[in-house]
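Asks: Each chain, written out:
There are 2 protein chains.
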Amino acid sequence: MNTQDPLHKLVFEFAKLPSIGKKTAQRLAYYIMSQSEENALELANSIIDAKRKVNFCENCFNYSENASCRICNDSSRDTGIICVTETPREIDVIESTHEYSGTYHVLHGLIAPLKGISPENLKIRELLNRIEKNEIREIIIALDFTVEADATTLYLTRLIKPLGVSITRIASGIPAGASLEFADTVTLGQALRGRIKL
Amino acid sequence: MNTQDPLHKLVFEFAKLPSIGKKTAQRLAYYIMSQSEENALELANSIIDAKRKVNFCENCFNYSENASCRICNDSSRDTGIICVTETPREIDVIESTHEYSGTYHVLHGLIAPLKGISPENLKIRELLNRIEKNEIREIIIALDFTVEADATTLYLTRLIKPLGVSITRIASGIPAGASLEFADTVTLGQALRGRIKL
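Chains as they are written, first to last, in the working numbering: chain V, 4 to 201; chain U, 4 to 201.
Be careful, since some hints might not be right.
Note: identical chains are not told apart, hence a pair may lie in one copy or across any two.
[Unchecked claim] Only pairs whose alpha carbons sit at most 27 Å apart, straight line, appear in this in silico DSSO-like list of lysine-lysine:
hint	residue 1	residue 2
1	Lys136	Lys26
2	Lys26	Lys56
3	Lys12	Lys164
4	Lys126	Lys56
5	Lys136	Lys164
6	Lys19	Lys56
7	Lys19	Lys200
8	Lys12	Lys118
9	Lys164	Lys19
10	Lys200	Lys56
11	Lys25	Lys56
12	Lys12	Lys25
13	Lys118	Lys200
Hints listed in this document are in silico derivations from the structure and should not be mistaken for laboratory results.
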């Protein structure tokens with residue numbers, strides 16, 4: 004593809020984004036061309052703004068424009084509970100459930116020795132600092148259910164349990180609305196082990 | 004959604020794009036955040052560049068950085084054939100077939116009285132001017148197979164046929180690799196009417 008020409012360069016840049024194939028990249032580029040310059044600049048400036056103005060919250064490592072994020076600043080949140088996530092993205096998902104009113108802590112990755120990611124590369128020391136300096140009742144692990152997430156959960160449990168803080172992990176089981184018939188055996192096994200008393 | 008905060012503003016801007024839902028917009032925004040500032044600026048600047056530097060070719064109304072587009076400037080193209088498209092996007096698709104070496108003419112829309120689009124709003128006068136001023140052997144209509152495209156094709160045929168120029172339309176029929184069993188009756192009817200001698 005000729006990336007010298009600005010239109011094809013734009014297709015090329017869009018196609019670098021995740022889940023955007025060549026066809027979608029073309030559709031997006033031609034859409035931009037069909038819009039007013041004002042609309043196109045609004046998108047371009049949003050990208051620049053988001054990248055330049057947003058940093059990490061010094062407490063929980065969520066994305067934030069200020070030194071402290073909107074959740075850490077919110078006095079109505081229960082600061083006695085910390086929900087641990089892999090990336091800031093999960094915070095949006097958990098917030099949209101409206102089921103959680105505690106605070107968060109973003110690890111920014113999972114322990115993965117094969118990828119060269121060890122505990123020191125993650126925000127684990129910072130989590131332990133928060134537990135030591137504050138009155139924390141519970142740590143909720145909201146990581147994926149993958150081998151790396153399981154290993155990270157085990158590592159965190161071994162560090163946090165001795166501190167006398169309750170540590171829990173979100174449930175693994177059959178998704179809402181799904182039929183047992185189509186559940187894989189691993190999920191079904193986890194759902195059985197995680198059964199709750201009615 | 005809070006569009007004051009730069010990250011959510013970016014999600015909001017991405018979600019305005021065609022075929023990008025809220026979830027994909029979030030994925031894209033978080034991807035941008037995970038990239039270097041250099042990569043993010045490259046995308047932002049591509050949007051600005053494409054919008055600011057690209058205009059229309061004065062001859063065929065394809066997108067072009069210069070007064071005349073790369074296809075109109077290419078002396079190896081057969082200037083005796085003009086392929087008529089609705090938007091510049093179709094040119095890329097037709098070019099990728101490597102089956103066509105003529106020139107193009109972009110109408111920038113279809114006749115649609117209900118949407119208030121009449122022939123004067125399209126680049127039809129400009130097409131007739133090209134036919135009058137040049138030695139044109141054939142006009143190929145490469146429009147969709149919709150009611151509006153059919154009406155536009157009929158309109159163009161009535162104008163161009165009297166000029167003694169051959170006018171053709173790309174074939175409608177069963178897609179390559181598809182089975183007759185799953186073809187709708189309209190397509191099958193068009194495939195029958197458009198049958199070719201072997």
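Asks: All the hints need checking, so say for each whether the structure fits it.
Replies: Hint check results:
no.: 1; hint: Lys136 - Lys26; verdict: neither (52 Å within a copy, 36 Å between copies)
no.: 2; hint: Lys26 - Lys56; verdict: between (32 Å within a copy, 22 Å between copies)
no.: 3; hint: Lys12 - Lys164; verdict: neither (53 Å within a copy, 40 Å between copies)
no.: 4; hint: Lys126 - Lys56; verdict: within (22 Å within a copy, 44 Å between copies)
no.: 5; hint: Lys136 - Lys164; verdict: within (16 Å within a copy, 85 Å between copies)
no.: 6; hint: Lys19 - Lys56; verdict: both (23 Å within a copy, 22 Å between copies)
no.: 7; hint: Lys19 - Lys200; verdict: neither (48 Å within a copy, 45 Å between copies)
no.: 8; hint: Lys12 - Lys118; verdict: neither (32 Å within a copy, 33 Å between copies)
no.: 9; hint: Lys164 - Lys19; verdict: neither (42 Å within a copy, 46 Å between copies)
no.: 10; hint: Lys200 - Lys56; verdict: neither (47 Å within a copy, 65 Å between copies)
no.: 11; hint: Lys25 - Lys56; verdict: between (30 Å within a copy, 22 Å between copies)
no.: 12; hint: Lys12 - Lys25; verdict: both (12 Å within a copy, 25 Å between copies)
no.: 13; hint: Lys118 - Lys200; verdict: neither (40 Å within a copy, 61 Å between copies)
Consistency with the previously given hints fails for numbers 1, 3, 7, 8, 9, 10, 13, ordered from lowest to highest.
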